[in-house]
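Engineer: Sequence order for the protein chains is A and B. For the record, in the first sequence the residue sitting at position 65 is 65 according to UniProt numbering, with numbers rising by one throughout. For the record, in the second sequence the residue sitting at position 23 is 23 according to UniProt numbering, with numbers rising by one throughout.
Calculated from the structure, these hints are not laboratory results. Please read all numbers here as calculations on a predicted model, not as lab measurements. Be aware that a few hints might be false.
The calculated BS3-like cross-link candidates involving lysine-lysine, where the alpha carbons are at most 27 angstroms apart (straight line), are [to be verified]:
id: 1; chain 1: B; residue 1: Lys581; chain 2: A; residue 2: Lys143
id: 2; chain 1: B; residue 1: Lys286; chain 2: B; residue 2: Lys148
id: 3; chain 1: B; residue 1: Lys328; chain 2: B; residue 2: Lys366
id: 4; chain 1: A; residue 1: Lys89; chain 2: B; residue 2: Lys95
id: 5; chain 1: B; residue 1: Lys208; chain 2: A; residue 2: Lys143
id: 6; chain 1: B; residue 1: Lys188; chain 2: B; residue 2: Lys104
id: 7; chain 1: B; residue 1: Lys55; chain 2: B; residue 2: Lys370
id: 8; chain 1: B; residue 1: Lys169; chain 2: B; residue 2: Lys93
id: 9; chain 1: B; residue 1: Lys366; chain 2: B; residue 2: Lys44
id: 10; chain 1: B; residue 1: Lys328; chain 2: B; residue 2: Lys553
id: 11; chain 1: B; residue 1: Lys195; chain 2: B; residue 2: Lys182
id: 12; chain 1: B; residue 1: Lys620; chain 2: A; residue 2: Lys143
id: 13; chain 1: A; residue 1: Lys89; chain 2: B; residue 2: Lys104
id: 14; chain 1: B; residue 1: Lys550; chain 2: B; residue 2: Lys620
id: 15; chain 1: B; residue 1: Lys182; chain 2: B; residue 2: Lys192
id: 16; chain 1: B; residue 1: Lys208; chain 2: A; residue 2: Lys89
id: 17; chain 1: B; residue 1: Lys192; chain 2: B; residue 2: Lys95
id: 18; chain 1: B; residue 1: Lys553; chain 2: B; residue 2: Lys613
id: 19; chain 1: A; residue 1: Lys143; chain 2: B; residue 2: Lys613
id: 20; chain 1: B; residue 1: Lys366; chain 2: B; residue 2: Lys286
id: 21; chain 1: B; residue 1: Lys148; chain 2: B; residue 2: Lys192
The residues making up each chain are set out below.
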Amino acid sequence: MAVTLDVNGKTLNVNSPPDTPLLWVLRDELGLTGTKYGCGVAQCGACTVLADGAPVRSCQLPISAIGPARITTIESLGGSHPLQQAWVKLDVPQCGYCQSGQIMSAVALLNSTPNPDDAAITGAMDGNICRCGAYQRIRAAIKEAAAAPAPAQVVAAAKA
Amino acid sequence: MNKSLTRIARGATRREALVVGATLAGSTLLVGCSVPEVLSAGSKVKPGAFGPFLKFAADGTVTVVSKHIEFGQGNHAGLAAIAAEELDADWSKVKVEQAPANAKLYGNVNMGGTQGTGGSSAINNSWTQLRTAGAAARAMFVSAAAAKWGVPASEVTVSNGVIAHASGKQAGFGELIEEAAKVAPPEKPVLKNPKAFTLIGTDRVRRKDSQAKSDGTARYTQDVRLPDMLTAVVAHPPRFGAKVDTFDAAAAKKVAGVVDVFEIETGVAVVAQSTHAALKGREALKVTWDESKAETRGSAQLLQQYRDLASGKTAAPEKNGWKAFDSKGDAARAAEGSNAVELAFDFPYLAHAAMEPMNCVAMVGKGPPKLIFGSQTPTLDQMNTAREILNLPGAVEIETLFAGGSFGRRSNFQSDYVVECVRIAKKVGKGRPVKLVWTREDDTRAGYFRPLTHHAVRVTTDAEGFPATWRHRIVTQSIMKGAPPGAPTAEIDFTAVEGSMGSPYLKATPIVDAQLITPDVGVPVLWWRSVGATHTAHVMEHTIDILARKAGKDPVEYRRALYQKAGANRHLAVLNLAAEKAGWTTPAPAGWTRGVAVHECFGSVVAQVAEVKLENGSPKVGRVVTAIDCGTAIAPDQIAAQMEGGTCYGLSAALFGEITLTNGKVDQGNFDTYRVLRNSEAPTVETYIVPSSAPPTGVGEPGTPVIGPAVANALLAIDGQPRLSQPFVRA
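Isolated chain B (complex conformation) (with noise of 0.2 angstroms):
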């Protein structure tokens, strides 16, 4: 790999480093300040006495403030142990806030400062900084008793919360909070030696939000009812980049409860004083709409334009063509030898389809801007807020409530539905809080969809029947491509190619020559959660097992082969961690076969070994054996929820996902076209954590690409035939 190469593979880990770039582009740059001040700018949210992440109470109460939201992932169990663990504090005593907007405050180290959740990096990228502030604060409140009680602070211990001296004084931190405030800060607080953890890496670590989402006062954007408050609606146009042409209000505004029908940039407002009166007067509004520059191209189309660019019968554009995202060897080669293994794989477009659909709140024209709402990328929807109201993206406040999922869809360079709610709120005005609400439908049909991707494979094998040269091809949208002008754009889009870029098969095949394209289409596109190794994933584990049964290899021994080739120790560890577990080497149980894969996400390896049989021709999913390595575990049993829900995810995406377009219409709308994953077909997952002393890396996305490659490849070993395309069931 050549020095731009490994510069870019770096980068792929780090796709947020963009975001900041992207975000920076949209801003009026500061000179002389450093990027959390520009995005901070305005910001009334202060720290408190024991820094942002901390906060103690009179009835021995630690809050823990998480910069993160909580939209599933359980993050606020892991962010809260790792403060929790240094401070020594009685962890039942410990509560979970959530952080206001403040990217001096709360920004994420991942993101060079941008406050905001994503790439599976919440607690990796809070593990040195929580740590930090738990033991800061611990340092705090011994000084305070030492002094108090007039002992050495060498001999005061915290232990569960209880502060002692062996003289038999002993304190809560609610009895100190006073004389703790007053202590300096430590410079360099001492972190605890790993192997006296208490807390981290135990199943005591456990939700803290599971009582209010199992009793319905869990707070969601959707929930949110404010004194005067108004419900909006939009009508979207059909066609990604139409605009309204004409519209008839009439028949909306005579509608019960219709307040006012307005037009915005993105289609046709309707405010009125209840969701079902918003939703009537959307019903009664006539639109005509200018598709002059809309998108009228198909899904079919569009994918046969991909095959015809991967297979050459087109040539690529002079701008935006083909870039090389690994290239090794005689790279002409890959192209030459006989006897190849040519395989073409087609992946749809995919809606999030998170259960709570996109809505926001927000009050514009009278006080300091205010958005309520599941805001995954705090800093971005300041931003674009601001530009909206011309004001400093710190003076707007954000409270960011719990999202009914996101996976992805709520953090986007445009801040789509934010941008929606607030021009609706700006012309409301005098403050008045509008709650913009789209419903399953619009939520479908918005876009913002896991790209439409195309892979072209070639590889041809030595004598032994492992990989020679590795001719690849992928063509995608670039997700990046969203990114506002003006940001840095790095040479590949690592967002499309990564997981086939960094593959240990890759690094273990002499001859590569892989390429990139991503072809300009007006359909918005965004990560979806594992982002590129959605694709990536199925297309090298599928290749991998069908060049596996061509040498006449058992898949897990070519893997193992391949990654003690490629160094790949953290992939061949939890190879066999999960081969071990699911009796590998045993006979599956009758009537099921057995398939495996593993990829690397996020800093974190997953392997998985699925149990799979057709029923009626459709493939059922049972046990699935999950090994992951995801460093230090934290919240081992949040780990195997991720795991479990992660595969589901995978699972309905594998089985039964896809957004197609006729015409440039997004054909699906609810979830009687658009089928997810049900009870019935969800497998039961076992999760295995290799022991790992290194920082903690991502699981809320690892687990999801795994298990569409490990169905295709006990499929493959059912029937014989390649699964070359997702979903593998249509209607």
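So here's chain A without its partners, still in its complex pose (with noise of 0.2 angstroms):
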């Protein structure tokens, strides 16, 4: 039976059993490789993806349960997304590996929150591990870019 999904402004027919957590769908059967497995059970953020623009934890999210609901990864930001852009002026990544999780839950954070204190931060992003210890750079280009004037197709895209 398989399970239509919306990933990326793209409808999927996908092959793989309900129950497979959308994180190994995205990896294995679709290619889309820079969300990342860390954890297994929604500790460390490394899989983060929007669901209808909320930042969901897709190793826990099997495909069954997902409906409708208009996924996007980090695939989707192009490589320019204000957020990419301040990631790189501040050479944030170290392994790098944490690093698409990161930012997606930074996207949903400013999609809602344009200009987050350190307080709102906080609460986007403390569910993210970073185990190089990116975290102050981290919180720095989620400032950069709140204060960079934001293409609007591209945050468009973001939510899309």
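Make one complex out of these two single chains by using the hints.
Structural biologist: Here you go:
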């Protein structure tokens, strides 16, 4: 029984069993490997994607539970989203493995709170572990992106 | 210090040398060949026209080939900058490529020619090598341009990637590749005077991988997808040293997508068409374990045994007993004297917990054996693979990818997870790609931990409150004991004592009696970012603060006096810089208390002043002022990044990190039980670099061990309570 998903604006029929977590469908079946496995129990945030604009941990989300929700992954940001530009400008990544999840959490934050204060950043980002400890630059890059004039179409794409 | 101890002390900065020995010990030695010759036998990797480290493209791109893996340290930026500086390349056109496995071309100079990354040595061991490579290629392009233009080579300049002559002639590297490739490389390329550096040491030296690591395209082992590839998971025994007794694969084989289930040396492998199918297959598997040879002691029991050894309650075994790592003056007097400060410290096992759990892709049984993964020590991985498939080490191809962190975990004598993958791939055969995936729980429970460690310290002081006698006992498992049989062994496993051994505080103490014992325990242990310093820095630095308080002296002043006695000028310089920048002599911001610590490891010295407060009984760390002397600073922004990240890594362990075992079973599995530092708990680190013209030293590890004692010392100042064990916060 194929499950139909809306991923990055495309309607896709996927063959994985319905109990398969979205993470493994994205990675193994759809080849969208930017979304990472880190813990499998929604503790680390490396697998964060957006469902209708809200951050979700794809490792704990069976595809049968998604329904018509629009899924957005790191691949949809296009590489020059204001957050990605800030990430590059400040050389945020170290090993880089957690950064797709960090950025997707930050996208959701800025979409709902364009000028987040420290408490808002903590609230949005504390679920994303970075073992390299790039936290200080992550916070700085979110503020940098929030201050940058955001190209409307990029934000719109991320919201889609 | 006697002669043999001096020799050991020198070795402390060179644990890598033993890696080579261990590597060779497991191999067939070919008489008459050099080490790298043996290790690269069978390799098809060849250097290009400009040597192994540089490639030039017609579009003007310069590619620097990195013999070192990039798993966060930023070394690719620094390595590229070293070559680009001597080449006078246009930094914006410089790219970095990961070298294949070949010890002869890409051996680590500090590891005796073994290809590997560790001991914070990437920049240090490449310094002269890449400068020479850059200068040689530059000279070849200059010769080619001079010949083509009919002008003296001495009149040809290179600047920002442009080769030029006063006559107006100019060209980029890309336009002269063919001609330059024919020029014989100079025998002794002339290196720049460091004063003429225009790139090294500037903020222009930035990471080359930030874009790929911000848009999801950076490729890690976990992301490898190949035609016909299978994914494997393994059911491992619950205790170290246990083996499969029986297993029932019937239910597992019924799971859709599961292709095969079979026993390997380390457990039962489930091979499937997708990760999810493999995981479901493993859930359905029934395995019973033979635990007759398993380690069944718990960590609390082990720690009690360690304490009893250190206190003398339990006598040391005749074999593998106490060994002195520092001995000075009449050692017997270190046990005498009244009014001594006596402290006992405990440090738990720690998992590395890299974000990307261990994994590997292997192809065996058709064509040359090939591995694709984040190989930290390709030579060891080649050797261990070659042994499994009866081939020459050099014949094992390795494509090294980015790795999602390592912190030491990806380099071990057994290549544990690599060999596991190779065994599965061998069984699958026909060269079919197999990706071994470990879950977070597999990774946390697989061992290779920072060893459980106990220190007992007894210090008496002179009339001015400075150490007069210092008795030190360390009980910990030996990491180097994990080396294969036949490897050369040092009298002392310096990975267990580095940081206590060689400490300026011991140098400044007239009578020292310092000894190590390394009990045998069936829990695999390994280097964990900054290795011995993960515990010795805490012990030395917290002891010093306790002594300073007892003497009624300021901790910074007290250290200064000891560094002056010991002639520890670099320690003094970083201490002074950190104290100045932190405003040590001025009051801390309201509500905050400062703590200081200083430690040297991997050739660099780091001082930190941390501002700390207690919130609901838990330490909160705010501003952390860091000063580092790492010799010539190549990439200042990446040095700062390593201080920020290293501090978080050390703080995570100091506050929360702990692996415990109950009856031999690891109690933790995932981040819900193995707590790590999160964003809101991260400090704000400021980094200041001591100007230096000495060769560059490490930055990946030295930022890690200092924060724990700096926080402990601030907490001591807050509530007068010593912190004699890590972690400080327990659930």
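Engineer: With a cut-off of 27 angstroms on the C-alpha distance, tell me whether Lys89 of chain A and Lys95 of chain B pass.
Structural biologist: Distance of about 17 angstroms is within 27 angstroms: holds.
Engineer: Would you mind confirming whether the straight-line C-alpha gap from Lys286 of chain B to Lys148 of chain B stays at or under 27 angstroms?
Structural biologist: violated (74 angstroms)
Engineer: Tell me if the straight-line CA distance from Lys366 of chain B to Lys44 of chain B falls inside 27 angstroms.
Structural biologist: holds (16 angstroms)
Engineer: Checking one constraint from the list: CA of Lys581 of chain B to CA of Lys143 of chain A, max 27 angstroms. Satisfied?
Structural biologist: With a Cα-Cα distance of about 25 angstroms, the restraint between Lys581 of chain B and Lys143 of chain A holds, given a limit of 27 angstroms.
Engineer: Checking one constraint from the list: CA of Lys553 of chain B to CA of Lys613 of chain B, max 27 angstroms. Satisfied?
Structural biologist: holds (22 angstroms)
Engineer: Straight-line Cα separation of Lys148 of chain B and Lys192 of chain B no greater than 27 angstroms?
Structural biologist: holds (25 angstroms)
Engineer: Within a Cα-Cα threshold of 27 angstroms, do Lys328 of chain B and Lys366 of chain B meet the stated pairing?
Structural biologist: Distance of about 60 angstroms is beyond 27 angstroms: violated.
Engineer: Hey, Lys169 of chain B versus Lys93 of chain B, does the alpha-carbon distance stay inside 27 angstroms?
Structural biologist: Holds, because 21 angstroms separates the two Cα atoms, which is no more than 27 angstroms.
Engineer: Is the hinted pair Lys208 of chain B and Lys143 of chain A satisfied, with a Cα-Cα distance of at most 27 angstroms?
Structural biologist: This hinted pair holds, its Cα atoms lying about 23 angstroms apart.
Engineer: Would you mind confirming whether the straight-line C-alpha gap from Lys182 of chain B to Lys192 of chain B stays at or under 27 angstroms?
Structural biologist: Given that 27 angstroms is the threshold and the Cα spacing comes to 24 angstroms, the pair holds.
Engineer: Compare the distance between the alpha carbons of Lys620 of chain B and Lys143 of chain A with 27 angstroms, and conclude whether the hinted pair is satisfied.
Structural biologist: At roughly 22 angstroms apart (the allowed maximum being 27 angstroms), Lys143 of chain A and Lys620 of chain B satisfy the hint.
Engineer: Mind checking the alpha carbons of Lys195 of chain B and Lys182 of chain B for me, to see if they're no more than 27 angstroms apart?
Structural biologist: Judged against 27 angstroms, a Cα distance of about 31 angstroms means the pair is violated.
Comparing the model with each numbered hint stated earlier shows that hints 2, 3, 11, 13 and 20 do not hold.
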